[in-house]
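Colleague: Here are the chains, one letter per residue:
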Amino acid sequence: MKKRILSATSALFIASVIWAQDGGQIHGNFSVDGQLYNDDEEIGAVKPPADFGLNSWSNLMYRNNNFEAGIRLESYEPALLGYPAGQAYSGTGVGFRYATFRKDDLEITAGNFYEQFGQGLAFRSYEERYLGVDNAMDGVRVKFSPDTGIFLKGFIGTQRLAFNNGFTKGTGVVRGIDGEISVLEAFPRLLPKLAEKGNNLSIGASFVSKFQADKDPLLVLPENVGLWAARAHYTTSRWDLYSEYAYKINDPNASNHFIYKRGQALMANATYSLSGLGVTAGAHIYDNMTFQSDRGAPSLFDLNINYLPTLAKQHSYNLPATLYPYATQPNGEVAYQAEVFYLFKRGTKLGGKYGTKLTVNWSGAWSLDSTALPNDTVHLMGYKTNFFSMGQRQYFSDLNVELRKKLSSKWELTLSWLNLMYDIEVVQGKSGKKDIYADMFILEGLHKINDKTSLRFEAQHLSTKQDQGDWATGLVELTFSPHWFLAAMDQYNYGNPVEKERTHYPIGSFGYIRGASRFSFSYGRQRAGIFCVGGVCRVVPAANGLTASITTTF
Amino acid sequence: MRKIILPLMLLLAAGGCDIVSDPKEGLAGPTVPGNDGVVRRVLLEDCTGFRCNNCPQAANMAQSLKNVYGDRLVIVGVHMKQQFAGPEWPYDDGIYDTDFRTEAGNVYDQTFGIIGLPSGLIDRAPYNNIMAMGIGSWSEAVAARMELPPLMDTWFEGLQYDGGTNTVSGTVKVAVLEPINGDHNLTIYLTEDHVIDWQLDGVTNIPDYDHRHVLRGALNSPWGQSLITGDAQPGDTLTATFSYPLPPNVLQPANCALVAYVYSTAGADQYEVKQVVERKIIP
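Protein chains in written order, with my numbering: chain A, 1 to 554; chain B, 555 to 837.
Hints were generated in silico from the structure; no laboratory data involved. Incorrect hints may appear among the rest.
[As the list claims (entries may be wrong)] Derived DSS-like pairs (lysine-lysine); straight-line CA-CA distance at most 30 Å: (1) 410/A <-> 357/A; (2) 465/A <-> 635/B; (3) 434/A <-> 405/A; (4) 430/A <-> 635/B; (5) 215/A <-> 727/B.
[Said to hold, decoys possible] Far from chain A, some chain B residues (derived; all Cβ distances over 12 Å): (6) 594; (7) 664; (8) 690; (9) 691; (10) 705; (11) 709; (12) 713; (13) 715; (14) 720; (15) 731; (16) 762; (17) 792; (18) 796; (19) 806.
[Said to hold, decoys possible] With beta-carbon atoms standing in for the labels, derived distance ranges: (20) 262/A <-> 711/B: 23 to 31 Å; (21) 41/A <-> 775/B: 36 to 44 Å; (22) 433/A <-> 646/B: 15 to 23 Å.
All of these numbers come straight from a predicted model, not from anything done at the bench. Every residue, glycine too, gets a C-beta built ideally from N, C-alpha and C.
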């Protein structure tokens with residue numbers, strides 16, 4: 001394996017030396033996260049055999065005229081506890097490498113690539129590094145624009161599954177094609193008035209198919225499973241309207257309990273914005289839409305071909321972000337979201353001297369309105385659905401109000417209230433647990449002490465009669481611009497019904513920033529919880545220890 | 555160049571769709587070789603837990619495969635993870651109070667990086683690059699392992715259970731059929747069938763679920779004992795004599811069985827099970 005790493009690195013270096021004569025450039029970045037663990041019986045933190053974990057990534061990209069090549073070296077010696085979300089990562093090696101050639105509206109990539117069709121209902125290959133999700137393709141991708149406003153993409157390849165001294169791949173072959181027409185760009189004389197106003201309408205369609213051999217002795221499985229999708233996107237200076245529909249043929253897999261029902265998804269989002277006012281509304285239904293390149297994929301984090309966006313606000317505050325975040329239910333959910341923000345202007349009664357921003361957001365998700373078909377032992381369709389009709393079971397709702405107010409040149413405050421309903425049995429798989437009803441209040445303040453020094457603080461409180469009871473979190477962060485920051489935080493589960501589990505989770509950190517480099521260190525307890533990005537969540541185990549992170553770019 | 559791009563892209567995507575209207579039509583069924591001669595037997599370790607709501611589905615899958623392959627498939631239910639196989643608070647209310655975990659199960663959970671349950675280890679060999687696999691791969695993975703030729707035969711001799719001392723004793727014999735390279739160990743499990751206890755099935759709590767093939771412990775430690783050092787040649791017969799008390803978590807000795815398997819301890823096939831055999835301790 002060392003030979004492979006050396007040879008790949010050497011090839012890039014030699015290429016850079018050869019082409020540097022023509023003015024090629026090398027860019028890159030580096031990041032490392034390491035943690036030294038302690039045992040901590042009180043919070044259930046167990047020190048791993050190696051005492052520490054370390055994740056590291058180094059990207060090198062070379063560009064010269066029409067040519068681009070890149071490589072990413074990754075190291076997990078061993079991986080941080082709970083990382084990644086799916087199959088295990090271990091060892092050191094090449095995690096990503098590619099070469100791209102562009103000429104005359106044609107782009108060809110060989111090797112690894114990330115790609116997305118529309119919002120991802122048909123296909124999305126992406127990396128969410130700190131979540132530990134990476135379903136990079138390995139194959140060939142072609143992009144071509146035959147005329148103004150017309151964009152075509154096609155690809156074929158296999159997907160990254162895990163990492164063992166280099167990326168390992170799943171067994172299924174994925175191929176796809178996507179076309180998009182920016183109508184007013186391609187045909188400006190068709191609707192000249194709209195084109196003059198800067199409006200645009202784009203329509204697109206995709207077809208994605210996976211191949212996996214059928215060697216199952218118990219069932220006849222489809223070896224080729226296709227999914228098609230169509231989308232439309234209309235924008236004006238004030239409106240942004242988007243809708244996408246996807247349909248998948250029979251795709252029996254572990255996630256849907258090997259039923260042969262078709263899958264479908266429909267999403268629609270609308271945004272209206274004026275100066276000082278924004279309104280967003282969205283809805284979607286996902287029915288049997290898990291689409292993985294291995295029908296036996298061991299978890300919902302592995303080998304996903306498509307991506308199902310969530311309709312829930314992604315909170316950044318500690319308690320709402322890590323205790324009860326919502327994760328998309330790909331096999332079936334109906335969800336809605338609406339958000340309004342209004343900026344009270346300066347000089348008005350509510351706006352005061354600096355203006356006031358009020359944001360109200362609500363989202364909710366329900367089960368499908370479906371009927372089980374237990375007697376269907378021939379076609380194995382599993383259930384039938386009333387499309388876009390909500391089922392009886394509510395998975396989630398989140399009503400939150402945020403008031404952001406600058407009080408003076410030195411003070412800014414944000415006050416938030418959240419009201420949450422959370423079906424922990426479905427969302428986190430904690431069977432037998434009751435639905436959670438919680439209220440949260442959060443006060444965030446920012447005080448500029450002087451031109452270089454600022455103090456930020458957060459006071460958070462969560463109250464619930466279910467699960468682990470009430471929580472409180474306090475955070476203080478001192479920033480000495482432009483180089484240093486210092487922070488301390490404590491989470492306290494003071495309302496836990498089990499007295500001995502009323503635990504503090506203190507953590508202190510400091511960091512140094514210089515140019516494009518950032519160094520940070522923290523020591524303390526990390527509560528077991530959930531970490532989510534875009535509706536995809538992974539479990540974070542309890543930990544106690546010293547964490548160090550370094551990032552830099554060049 | 556441009557003229558061929560679009561047809562090429564269409565060709566790339568022209569994978570087609572296979573519509574299956576009758577998922578069970580025309581299945582010839584797996585070929586189960588008769589008992590003539592030595593056959594490859596396969597170990598399916600069903601990583602499970604009584605508080606895991608999807609685990610009954612996996613147990614049903616394992617039993618479906620057992621119905622097809624009979625004695626050629628050895629199933630062991632390895633209960634693991636505190637949140638799935640450990641007791642649930644309040645601890646003395648008679649509901650989910652049992653601790654199904656074993657030292658061996660805890661070690662395998664760590665070693666094989668079991669992320670979630672249910673999960674399966676099939677001969678501890680990767681299938682489609684995955685070692686701990688979801689139930690969607692079990693059927694194919696078991697079929698693939700069944701097709702492999704046997705490298706050795708394994709059987710019990712002189713198996714005895716002494717009710718007075720609660721001890722099981724006997725000898726495991728291993729006859730080498732093909733050249734074996736590398737160190738291999740022998741592990742002996744004690745399993746108990748038909749353990750009646752709580753089980754979460756979907757959203758239903760079942761108080762009297764029939765837990766099958768429950769691992770009660772690895773009698774000679776989770777990683778077993780050395781059996782082959784260096785290599786072994788066809789014609790070699792290796793023996794391991796044992797005598798162990800039954801683990802204290804056993805409820806009914808009459809429902810217990812021993813499972814002995816030989817696996818590689820190092821190299822590219824590390825952990826891979828080469829042969830397995832199961833026998834009830836009280837015939």
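Colleague: All hints, please: hold or fail.
Modeller: Hint by hint, here is what the structure shows:
Simply put, residue 410/A and residue 357/A have alpha-carbon atoms about 17 Å apart, close enough for the 30 Å limit, and the pair holds. Proximity of residue 465/A to residue 635/B is assessed by CA-CA distance (about 27 Å); at most 30 Å being required, the pair is judged to hold. The suggested pairing of residue 434/A with residue 405/A is violated, with an alpha-carbon distance near 37 Å, which exceeds 30 Å. Simply put, residue 430/A and residue 635/B have alpha-carbon atoms about 13 Å apart, close enough for the 30 Å limit, and the pair holds.
The straight-line distance between the Cα atoms of residue 215/A and residue 727/B is roughly 33 Å, outside the 30 Å bound, and the hint therefore fails. Under the 12 Å C-beta cut-off, the non-interface status given to residue 594/B relative to chain A holds; the minimum distance is some 15 Å. The Cβ of residue 664/B sits about 8 Å from the closest Cβ of chain A, inside the 12 Å cut-off, so the non-interface label is violated. At roughly 3 Å, the least C-beta separation between residue 690/B and chain A is not larger than 12 Å, which violates its mark as non-interface.
Consistency note on residue 691/B: stated as away from chain A, yet its beta-carbon is not over 12 Å from all of that chain's, at 3 Å minimum. With a closest Cβ-Cβ approach of about 22 Å to chain A, residue 705/B is found to remain outside the 12 Å limit, as its non-interface label requires. In this structure residue 709/B is separated from chain A by more than 12 Å, as the shortest Cβ-Cβ distance comes to about 27 Å. Non-interface status of residue 713/B relative to chain A is upheld: no Cβ of that chain comes within 12 Å, the nearest being about 32 Å off.
For residue 715/B, the shortest C-beta to C-beta distance to chain A comes to about 36 Å, beyond the 12 Å cut-off, and the non-interface label holds. For residue 720/B, the requirement that its beta carbon stay farther than 12 Å from each beta carbon of chain A is met, with the minimum near 33 Å. With a closest Cβ-Cβ approach of about 25 Å to chain A, residue 731/B is found to remain outside the 12 Å limit, as its non-interface label requires. Residue placement check: residue 762/B keeps its beta carbon more than 12 Å from all beta carbons of chain A (closest about 17 Å).
Every beta carbon of chain A lies more than 12 Å from that of residue 792/B, the smallest distance being close to 31 Å; the non-interface claim holds. For residue 796/B, the condition that its CB be more than 12 Å from all CB atoms of chain A holds, with the nearest at approximately 29 Å. Look at residue 806/B: its CB is around 27 Å from the nearest CB on chain A, clear of 12 Å, so calling it non-interface holds up. Roughly 56 Å separates the CB atoms of residue 262/A and residue 711/B, a value that falls outside the hinted 23 to 31 Å.
In this structure, residue 41/A and residue 775/B break the distance hint of 36 to 44 Å, their C-beta atoms being roughly 25 Å apart. Look at residue 433/A against residue 646/B: about 20 Å separates their beta carbons, and that is inside 15 to 23 Å.
Violated hints, in rising order: 3, 5, 7, 8, 9, 20 and 21; the structure is consistent with all others.
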